[in-house]
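Please model the entire structure based on the sequences and the hints provided.
Residue numbers (the working numbering), protein chains in the order written: chain A, 1 to 284; chain B, 1 to 91.
In case anyone wonders, no lab produced these hints; they're calculated from the structure. Each hint should be verified, as a subset may be incorrect.
Ranges of calculated distance between the beta carbons of each label pair, as one might list FRET restraints [to be verified]: (1) A:Thr114 <-> B:Gln64: 24 to 32 Å; (2) B:Gln61 <-> A:His219: 22 to 30 Å; (3) A:Val204 <-> B:Ile84: 24 to 32 Å; (4) A:Gln266 <-> B:Glu72: 17 to 25 Å; (5) B:Ser77 <-> A:His219: 28 to 36 Å; (6) B:Ser15 <-> A:Arg113: 45 to 53 Å; (7) A:Pro70 <-> B:Gly32: 35 to 43 Å; (8) B:Pro45 <-> A:Pro129: 22 to 30 Å; (9) B:Gly32 <-> A:Arg64: 23 to 31 Å; (10) A:Asp116 <-> B:Glu72: 28 to 36 Å; (11) B:Ile60 <-> A:Val204: 48 to 56 Å; (12) B:Glu72 <-> A:Ser282: 21 to 29 Å.
Each computed SDA-like pair below joins lysine to any residue, with the alpha-carbon atoms no more than 20 Å apart [unchecked claim]: (13) A:Lys145 <-> B:Glu43; (14) A:Lys100 <-> B:Ser16; (15) B:Lys47 <-> A:Gly248; (16) A:Lys257 <-> B:Glu73; (17) A:Lys100 <-> B:Asn34; (18) A:Lys145 <-> B:Pro63; (19) B:Lys80 <-> A:Pro241; (20) A:Lys100 <-> B:Ser77; (21) A:Lys145 <-> B:Glu82; (22) B:Lys80 <-> A:Glu148; (23) A:Lys145 <-> B:Glu72; (24) A:Lys145 <-> B:Ser75; (25) A:Lys100 <-> B:Asp40; (26) A:Lys145 <-> B:Lys47; (27) A:Lys145 <-> B:Asn66; (28) B:Lys47 <-> A:Leu250; (29) B:Lys80 <-> A:Val204; (30) B:Lys7 <-> A:Arg153; (31) A:Lys257 <-> B:Lys47; (32) B:Lys80 <-> A:Lys100; (33) B:Lys80 <-> A:Lys6; (34) B:Lys80 <-> A:Met149; (35) A:Lys100 <-> B:Ser41; (36) A:Lys6 <-> A:Ala158; (37) A:Lys145 <-> B:Leu27; (38) B:Lys80 <-> A:Ala246; (39) A:Lys100 <-> B:Gly71; (40) A:Lys145 <-> B:Asp40.
For each residue, glycine too, the CB sits at the ideal point set by N, CA and C.
Take a look at the letters that make up each chain.
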Amino acid sequence: MQQEAKLLNSRQMAQFVAQGYLRLDGLVPSEINTAVMQEIDAGTIHGAPAGTPLSQCYSGSAIRQMLDLPEIQGLIHSLVGQDPLFDHDAVHVREPMQGKAQGLHADSIIDPRTQDFDIQIMYFPHDVPLEMGGTLLLPGSHFRKVNEMDIARYQNMAGQIPMVCSAGSILVLHHGIWHCGRQNRTDRRRYMFKVRLNPQEPQVRLWDLSDLEAGYDAHQEIFAGKGHENDIQTILAKSEPWFENASGRLEIVNRIKMWRFITNDQNFDVHYWLTRLENMPSRG
Amino acid sequence: MSNYRQKILILYLGSSALDSDVKGWTLYDGTGENAHTTGDSFEPPYKTGLDALKEGWRVIQFPQLNPPYPGEELSTSFMKYEYIFEKIVEV
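Okay, here's the thing in structure tokens:
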């Protein structure tokens, strides 16, 4: 019997809004990892036509077992709802001793959506040491509007993260995140299973809201230099090492807008960035 | 064929000032000695753009400063401060 989904908490959601990803290291049990590797080798992983409810996909397979884990169900429910639509899947293979990495890119095509978002779950069924590469991702890049490989000449960015992980690790990404397959310098193939999911319900207040304290959204003193607790506003205000001085401020505004969307709270703000712009007494 | 080859360094800086911090970096080596690729280093080759000049790199492109399109003032896209440098080396 399927266990109850373990929904994300508000700080995890804020982390996702701020950085465009969450990682769950070593989550998937080894028996499922082994079974998925066998399915990959046998070529028996089959998705479904795009737009099929995820609940109708992968019946009886090890991929289904992975997706049915309470933590995976919880992150799916929290981010894209109870039964999102299957978009597509892929087994990504990086061949041994590659001379070149994949170019940095955002998946699919340029996506003008400013609120609704897809997620991509990346599943690493075997250990990935640094010399094997790991998927490279750039935290906080998900709001940047680019068209796929337009950014392929960005070789290295401060704060980039190589997905070095143990077997059974999971990455969940906002659709806009910049990423690529790093070079595999080992003599073994590297595998990663990816599935993209589309929401079919409003992505509003879908997670475990019990830790969202009253007053968490109260305006705080700006540039006070105080070491605030790891609260929602602090998480959303944290700069990434690659942010330019000026555009980095706009990224925080992008986060504020996304948090307003997923909480349905149009007054939420961080550091007064949007409230200041919205203050137009002349309009009555 | 000439005995000279071009090396290209692209630095993405924190502001339009050449002496601001490096946020991203790219290298192409026309000598063929090095094959740089995505995600191959985690520390920038220089702290600032000016530091690259001090090491003999010549700037061949400054980024233009373009105003945002009306209505798009808050949107973000490519890295804005892309400086391109070159070195000519004898092989």
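The hints, checked one at a time:
A hinted range of 24 to 32 Å holds for the C-beta pair Thr114 (chain A) and Gln64 (chain B), which are about 26 Å apart. The given range of 22 to 30 Å is broken by Gln61 (chain B) and His219 (chain A), whose C-beta atoms sit roughly 43 Å from each other. Our hint of 24 to 32 Å for Val204 (chain A) and Ile84 (chain B) is violated, since their Cβ atoms are close to 44 Å apart. Checking the proposed 17 to 25 Å range against Gln266 (chain A) and Glu72 (chain B) shows it holds: the Cβ atoms sit about 21 Å from each other.
Our hint of 28 to 36 Å for Ser77 (chain B) and His219 (chain A) holds, since their Cβ atoms are close to 30 Å apart. Remark: the range hint 45 to 53 Å for Ser15 (chain B) to Arg113 (chain A) is contradicted by a beta-carbon distance near 29 Å. At roughly 52 Å, the beta-carbon separation of Pro70 (chain A) and Gly32 (chain B) lies outside the given 35 to 43 Å, and the hint is violated. About 25 Å separates the C-beta atoms of Pro45 (chain B) and Pro129 (chain A), a value consistent with the hinted range of 22 to 30 Å.
A beta carbon spacing of about 49 Å between Gly32 (chain B) and Arg64 (chain A) contradicts the range 23 to 31 Å that was offered as a hint. Separation of Asp116 (chain A) from Glu72 (chain B) is about 19 Å and departs from the stated range, judged on CB atoms against 28 to 36 Å. The hint said 48 to 56 Å for the Cβ distance between Ile60 (chain B) and Val204 (chain A), and at roughly 49 Å that hint holds. The given range of 21 to 29 Å is respected by Glu72 (chain B) and Ser282 (chain A), whose C-beta atoms sit roughly 23 Å from each other.
For the hint pairing Lys145 (chain A) with Glu43 (chain B), the CA-to-CA distance comes to about 26 Å; that exceeds 20 Å, so the pair is violated. Restraint check for Lys100 (chain A) and Ser16 (chain B): the C-alpha separation of about 31 Å exceeds 20 Å, so the hint is violated. With a C-alpha separation of about 19 Å, the suggested pair Lys47 (chain B) and Gly248 (chain A) falls inside the 20 Å cut-off, and the hint holds. Between Lys257 (chain A) and Glu73 (chain B) the alpha-carbon distance is near 14 Å, which keeps this suggested pair within the 20 Å criterion.
The suggested pairing of Lys100 (chain A) with Asn34 (chain B) holds, with an alpha-carbon distance near 12 Å, which does not exceed 20 Å. With a CA separation close to 19 Å, the supplied pair Lys145 (chain A) and Pro63 (chain B) stays within the 20 Å bound. For the hint linking Lys80 (chain B) to Pro241 (chain A), the alpha-carbon distance of about 15 Å falls within 20 Å, and the restraint holds. Of the supplied pair hints, the one linking Lys100 (chain A) and Ser77 (chain B) is violated, its CA atoms being roughly 25 Å apart against a limit of 20 Å.
Annotation: proposed proximity of Lys145 (chain A) to Glu82 (chain B) holds, straight-line Cα distance about 17 Å (limit 20 Å). Between Lys80 (chain B) and Glu148 (chain A) the alpha-carbon distance is near 18 Å, which keeps this suggested pair within the 20 Å criterion. Of the supplied pair hints, the one linking Lys145 (chain A) and Glu72 (chain B) holds, its CA atoms being roughly 11 Å apart against a limit of 20 Å. With a C-alpha separation of about 8 Å, the suggested pair Lys145 (chain A) and Ser75 (chain B) falls inside the 20 Å cut-off, and the hint holds.
Proximity of Lys100 (chain A) to Asp40 (chain B) is assessed by CA-CA distance (about 10 Å); at most 20 Å being required, the pair is judged to hold. A hinted pair counts as satisfied when its Cα atoms are at most 20 Å apart, and Lys145 (chain A) with Lys47 (chain B) does not qualify at roughly 27 Å. Restraint check for Lys145 (chain A) and Asn66 (chain B): satisfied, since their Cα atoms lie roughly 17 Å apart, inside the 20 Å limit. Restraint check: the Cα-Cα separation between Lys47 (chain B) and Leu250 (chain A) comes to about 24 Å, which exceeds 20 Å; the hinted pair is violated.
For the given pair, Lys80 (chain B) sits about 33 Å from Val204 (chain A) by alpha-carbon distance, which is inconsistent with the 20 Å threshold. A hinted pair counts as satisfied when its Cα atoms are at most 20 Å apart, and Lys7 (chain B) with Arg153 (chain A) qualifies at roughly 15 Å. Among the hinted pairs, Lys257 (chain A) with Lys47 (chain B) is inconsistent with the structure: their alpha-carbon atoms are about 33 Å apart, more than 20 Å. For a cut-off of 20 Å, the pair hint linking Lys80 (chain B) to Lys100 (chain A) is broken: about 26 Å separates their Cα positions.
Restraint check for Lys80 (chain B) and Lys6 (chain A): not satisfied, since their Cα atoms lie roughly 40 Å apart, outside the 20 Å limit. Using a Cα cut-off of 20 Å, the hinted pair Lys80 (chain B) and Met149 (chain A) holds, with the two alpha carbons roughly 17 Å apart. Note on Lys100 (chain A) and Ser41 (chain B): the hinted pairing holds, with a Cα-Cα distance of about 13 Å set against a maximum of 20 Å. A threshold of 20 Å between alpha carbons decides the hint, and for Lys6 (chain A) with Ala158 (chain A) the separation of about 33 Å lies outside it, so the pair is violated.
For the given pair, Lys145 (chain A) sits about 24 Å from Leu27 (chain B) by alpha-carbon distance, which is inconsistent with the 20 Å threshold. Restraint check for Lys80 (chain B) and Ala246 (chain A): the C-alpha separation of about 10 Å stays at or below 20 Å, so the hint holds. Only pairs whose Cα atoms come within 20 Å are accepted, and Lys100 (chain A) paired with Gly71 (chain B) is rejected, the gap being roughly 39 Å. Taken as a hint, the Lys145 (chain A) and Asp40 (chain B) pair is broken in the structure, with Cα atoms around 24 Å apart against an allowance of 20 Å.
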